[in-house]
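Colleague: Chain by chain, the residues:
Number of protein chains: 2
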Amino acid sequence: MLTSKHNPAIKQIRALRQRREREATGLFFIEGIRNVTEAVQAQAPIEQLIVAPDLLRSQFAQDLVEQQRQQAIPILEVSGEVFASLSSKDGPQGLAAVVRQQWASLADVRPDQGLCWIALNAISDPGNLGTILRTGDAVGAAGVILLGDCTDPYDPATGRASMGTLFSQRLVKATWAEFSQWFGQSGFNLVGAADSASSHYRDYAYPQPLILLMGSEREGLDAEQQAQCQALVSIPMRGQADSLNLAVATGVLLYEILAQR
Amino acid sequence: MLTSKHNPAIKQIRALRQRREREATGLFFIEGIRNVTEAVQAQAPIEQLIVAPDLLRSQFAQDLVEQQRQQAIPILEVSGEVFASLSSKDGPQGLAAVVRQQWASLADVRPDQGLCWIALNAISDPGNLGTILRTGDAVGAAGVILLGDCTDPYDPATGRASMGTLFSQRLVKATWAEFSQWFGQSGFNLVGAADSASSHYRDYAYPQPLILLMGSEREGLDAEQQAQCQALVSIPMRGQADSLNLAVATGVLLYEILAQR
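Going down the list, the protein sequences come from chains H and F. In case it helps, my numbering puts the first sequence at residues 1 to 261. In case it helps, my numbering puts the second sequence at residues 1001 to 1261.
Incorrect hints may have been included.
[What the hints assert, rightly or not] Partial list, derived from the structure: chain H residues whose beta carbon lies under 7 Å from chain F:
(1) G140
(2) M163
(3) S168
(4) M237
(5) R238
(6) Q240
(7) L244
(8) V248
(9) Y255
(10) A259
What the hints contain is simulated information worked out from the structure, not anything from laboratory work. This one's a predicted model, so the numbers in the text were calculated from it and none came from an experiment. By construction, the Cβ of each residue, glycine as well, lies at the ideal position given by its N, Cα and C atoms.
Here chain H stands alone, though its shape is the one from the complex:
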């Protein structure tokens, strides 16, 4: 059992807090019984489980660890103190994992999958992204296409906000140019959200297969992106604010699309 916070293996896991390190290794860190269970159930490529026997009280979780051990998944046992040094939770549960990132490509984005795909342009807030993954899971979306300079879906804050749904949604990363080129031959319909759009989001019949395109928190969609869309829809607003939170706006639109099926 590792008892030193300064052990190189522990330092390496802790380094996964940095996006640069996650990108260099293709790995990420998840913690908590719920998230690790979701990873196992989704058959995510777990490289290593991290277990603190002092902290891990749940029989369910102990059985899960045993099961993984029998499937030859490497298990790193650490002291409660070392575990706490890896954790960003107040009351760490004693179970975490290092998981290999899984990226799909645009070629994997096909018309016969789920309610729709969600494309996000330059989303910057990890909490918003995690919340959108959670809503995407709830409506049965296929996955999220991250366009341009987006926050990292493997950021721990995204994982927390996704409440274990990170593994249920496929993830694709592309530049706008790559997306735009692929889109022409994809067979998909692209519908974007814009405050200025004349179509009320409830009066529009969402075509299939569909990619719902949402702009960034600050800038929305630019003129070129709006031009690429078959249709732009707007969500009415009656108050002082000039926009909704991005995850709320995406949720309102996804539930309208779901209601039309």
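Since the structure of chain H is provided, determine the placement of chain F on it from the hints.
Modeller: Using the frame of chain H, we list chain F on its own:
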């Protein structure tokens, strides 16, 4: 101009980061041109403006400060460094304010105001609360009733998530017992959200006047709260997750209520 971070006036403002201090003084701190502008426009009781002339570039904001000076609002000028010690932003804009909290009472909750009222039971996340205030503003809700042990709406994180809508929504704080007693004679209809509810949220005709009751992030509504509701509605979920983010669920329901008007 104050140039010391240790000046007692500055320390007192900084102490408003603590909920205890906010509750003891009845004051709170807002920052940023947008938030201060919203406070002025909403005629919120501003006790003091805090201005860092080194940082405040915007002519619009400088005019706003001048206008407030003419209306005898106390103005505290501070150095950029002192301002940064008060700010929780990376690039502080040099404008902030200390504002008196405004609480309405249950007696102020009347049937003729806005789309509906939103009652939140034991909401714990300031970001969720701020996002719900922002959505409440967008749909034209009257305000938010905070039931039981809720996060503080005057927490800076709530203010940030509310995007300046903190002043457009009335705020009421009550225990469940107080609310429950008042409710009987209020003339309102109470509709709650629950995963287990048999009414699909789109098939239900929301009565007027309406209070939409949402449970806490972790626990939802308890049996007594559910029993108090005329109706319970559920939002369908198709995926792994067993719930939506609270602010997303509230947004989906509020936009359904708006669509029915």
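Colleague: Run every hint past the structure and note whether it holds.
Modeller: Status of the hints after comparison with the structure:
Below 7 Å, beta-carbon pairs count as interface contacts, and H/G140 has one with chain F at about 4 Å; its hint therefore holds. Because the beta carbon of H/M163 sits about 6 Å from the nearest beta carbon in chain F, less than 7 Å, this interface hint is met. Hint status for H/S168: holds, given a least beta-carbon distance of 5 Å to chain F, under 7 Å. Annotation: H/M237 was flagged as interfacial toward chain F, and the flag holds, the nearest CB pair being 4 Å apart, inside 7 Å.
The interface hint given for H/R238 holds, since its Cβ lies 4 Å from the closest Cβ of chain F, which is under the 7 Å cut-off. A least Cβ separation of about 5 Å between H/Q240 and chain F falls short of the 7 Å threshold, and the interface hint therefore holds. Using the Cβ-Cβ criterion of 7 Å, the hint placing H/L244 at the interface with chain F is satisfied: the shortest such distance is roughly 6 Å. A least Cβ separation of about 4 Å between H/V248 and chain F falls short of the 7 Å threshold, and the interface hint therefore holds.
Of the supplied interface hints, the one on H/Y255 holds, with its beta-carbon coming within about 5 Å of a beta-carbon of chain F, less than 7 Å. Interface restraint check for H/A259: the shortest CB-CB distance to chain F comes to about 6 Å, inside 7 Å, so the restraint holds.
Violated hints for the displayed structure: none, as all numbered hints are satisfied.
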